[in-house]
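Please put together the full structure from these sequences, using the hints given.
So the protein sequences, as listed, match chains A and B. The working numbering puts the last residue of the first sequence at 553; the count rises by one with no breaks. The working numbering puts the last residue of the second sequence at 89; the count rises by one with no breaks.
What the hints contain is simulated information worked out from the structure, not anything from laboratory work. All figures in this text were calculated on a predicted structure; none of them were measured in a lab. From the three backbone atoms N, C-alpha and C, an ideal C-beta is built for every residue, glycine too. Some hints here could point you the wrong way.
[What the hints assert, rightly or not] Computed spacing ranges between beta-carbons, pair by pair:
#1 Leu33/B x Ala156/A: 39 to 49 Å
#2 Trp97/A x Leu36/B: 21 to 31 Å
#3 Ala156/A x Thr75/B: 12 to 22 Å
So the chains spell out like this:
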Amino acid sequence: MFNDIQTLLIFWAMLFGFFVISSRGLGVVGDVLRPTGLFLLEKALGPAIDFAEGKPGSASRTWIIIGSLWLFLSVCFTFLGVWVGHDPYALISLSGWGYTPSSDTLISAGTVAGLYGFIGMVVIGASFHVLPLLCGTPGGLPSERNGTLVATPWTAGVLLLFIAAHNPDPFGIDLTAVGMAVMALGYAAVLVNILLTLANRTQSPREPGWLLSLAFIGGPVALIASLIANDASSLTDPWLVTKLFGVPFFLWSIAALSLYSAAIGSNSPLWSRTLSGTVLAGLVLTSTAYQSLDGGLFSGLIAQGSVLPEVSASAKMFGTFLIALSLAPMLALSANVIGTIRGSGSSPEITNGMAILVTSSIALIVVWLLNYAFRSPSIAGFQTYEPLLETIELMTLWLFFIPMAMGIQLHLYPSITKRSLPSPERTRIGYWMFVTATSAGLICMLIAESINLSTSQLEVELNTNLPDRFAVIGSVMFYGAVIAVILHTVNVLRGLFHGRIQVDTSTSDTRKIETFTVAEPITIRSVLSAGADVDTMLTPVSDTEVPGAPTEL
Amino acid sequence: MANSDQSIDVFMQANAEPRSSWLLLVLGVIIALLSLTIHSIAFPGQDLPVISDLETFGSLQGQVWIFILGMLVGTMMILATLLTEVTRE
Chain A
1 MFNDIQTLLI
11 FWAMLFGFFV
21 ISSRGLGVVG
31 DVLRPTGLFL
41 LEKALGPAID
51 FAEGKPGSAS
61 RTWIIIGSLW
71 LFLSVCFTFL
81 GVWVGHDPYA
91 LISLSGWGYT
101 PSSDTLISAG
111 TVAGLYGFIG
121 MVVIGASFHV
131 LPLLCGTPGG
141 LPSERNGTLV
151 ATPWTAGVLL
161 LFIAAHNPDP
171 FGIDLTAVGM
181 AVMALGYAAV
191 LVNILLTLAN
201 RTQSPREPGW
211 LLSLAFIGGP
221 VALIASLIAN
231 DASSLTDPWL
241 VTKLFGVPFF
251 LWSIAALSLY
261 SAAIGSNSPL
271 WSRTLSGTVL
281 AGLVLTSTAY
291 QSLDGGLFSG
301 LIAQGSVLPE
311 VSASAKMFGT
321 FLIALSLAPM
331 LALSANVIGT
341 IRGSGSSPEI
351 TNGMAILVTS
361 SIALIVVWLL
371 NYAFRSPSIA
381 GFQTYEPLLE
391 TIELMTLWLF
401 FIPMAMGIQL
411 HLYPSITKRS
421 LPSPERTRIG
431 YWMFVTATSA
441 GLICMLIAES
451 INLSTSQLEV
461 ELNTNLPDRF
471 AVIGSVMFYG
481 AVIAVILHTV
491 NVLRGLFHGR
501 IQVDTSTSDT
511 RKIETFTVAE
521 PITIRSVLSA
531 GADVDTMLTP
541 VSDTEVPGAP
551 TEL
Chain B
1 MANSDQSIDV
11 FMQANAEPRS
21 SWLLLVLGVI
31 IALLSLTIHS
41 IAFPGQDLPV
51 ISDLETFGSL
61 QGQVWIFILG
71 MLVGTMMILA
81 TLLTEVTRE
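Here it is in structure tokens:
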């Protein structure tokens, strides 16, 4: 009853309806709704709104800074969860204080902090900054004060979910439901702010503005579609919350923001318009099926203890088909981000987040293949690879979602805070440590679990502790991510006070270059948008002075 | 008095970050670790004086606490950064 083809059709129809209405406007109704929305965001809150000052950019800054603190908490708990996975009594000393978490508990808590704390807050903060620019909304975000203020209920909601990951119902209260309700309250205000930004636009949203807008409206629309397609009792279904903050909110917004960051950060236009369109249409049409069949990353922590609802065979077949098709937008996103950054004519910079965007774009394809290969059998009813799914979910989070959000954060940081990061060296060390630690560490864990799975399937007794060794090595390597996140967080926090002040926001996104290497036929527009001016020296690659030198790109 | 104040401003605030200062810090850490190793060689099987008597450290079992110590240092770095930067004049 939870998800069916009918629900998906209603979902797409509603999204299309939203697109049409947004494009054409609501006329007089819109003129009434806009001031009403602004009233709800500011005056309706009464004196509470005065807690926030409302300086330009303050909302974005608040969200991305608090998000960094959640990232640190997330990586610490994930590391502990991974460690306790192979050493269950590692934290036995804490039992005297009444704290005896299992590996699953710690990983769930880390995932809550990473997903809703870090990624969610970075996505919302970045969207507050990016969407008004893409829409040409005069004055920026309609209500900076409300945008700043609602970071509080969201943070409180994440904190409640974080506690609920340890104990879902202390004192008989369903803490998960309370946490989600508090977050939904904050999300409603964020959504009104985003919709007002879209309504007040002076131009058609530049790509990827539509994808970003649909990402925010996608969750509530999916919820309404489920209510229409199913009976009213589904309101109490815990799986519904996986729709509110699920694939549209996280994946679509990350895709849109990474495209924006890649283009602006590398000072190069998006590599391919067709691929941009493929990302928009492909993600909307295919990726929605992810949570239809299996909550995946979003299910284990929200709907603890609940059982996956029965899905009809036809829905399974249709959903699996859509999941297979989703490779196309994933490839398009990955290629467009990498192509755009490489198109700037220079190596991706680490310090402004371009390098980590490239790395996570490559990881996206690997992670997709792993998910498809190992998750499809469980959707079809075979439980063979179930033990590997937890590590694959960790890989999805730590190899794609979190590094992508870090790249977006690094790129937008100067334009949002009006200050640069104080230590480029710390950013570089953090990048290398994070990428190495998460990829090598999680691969070691996957190897360990694969060996265990193989031996259990073959029902043979393994006379070696090889899987344990791999698990230990993997968790020790993953600790590098903890150090990297400490460097990242301290850098972000210090930047607020010690970062070089950016004189003009427009210049923070524009860098002048002295030489530009021309590797292929290119338009003057592309050269100018790369930061070149009349004094820039154009160098064809054939003019490389060193004989036999590699082609400079 | 005014000169004295100016001198304090000029000389008592370390602005430079020479590389040798990091070298000294690293040396300090290495020597500290060596001392611990020498203690276990010189007094095999004996606990560290004072530190082992503290209930918290004495009851902590397993290698994960080395890593947790690193996390605590990281937490303190973040908190210290927040506190010092916010309260800085």
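Okay, the hints, checked on the actual structure:
Distance hint for Leu33/B and Ala156/A: a CB-CB separation of about 42 Å, consistent with the stated range 39 to 49 Å. Taken as a hint, the range 21 to 31 Å holds for the pair Trp97/A and Leu36/B, whose Cβ atoms sit roughly 27 Å apart. Between Ala156/A and Thr75/B the C-beta distance comes to about 21 Å, which sits within the given range of 12 to 22 Å.
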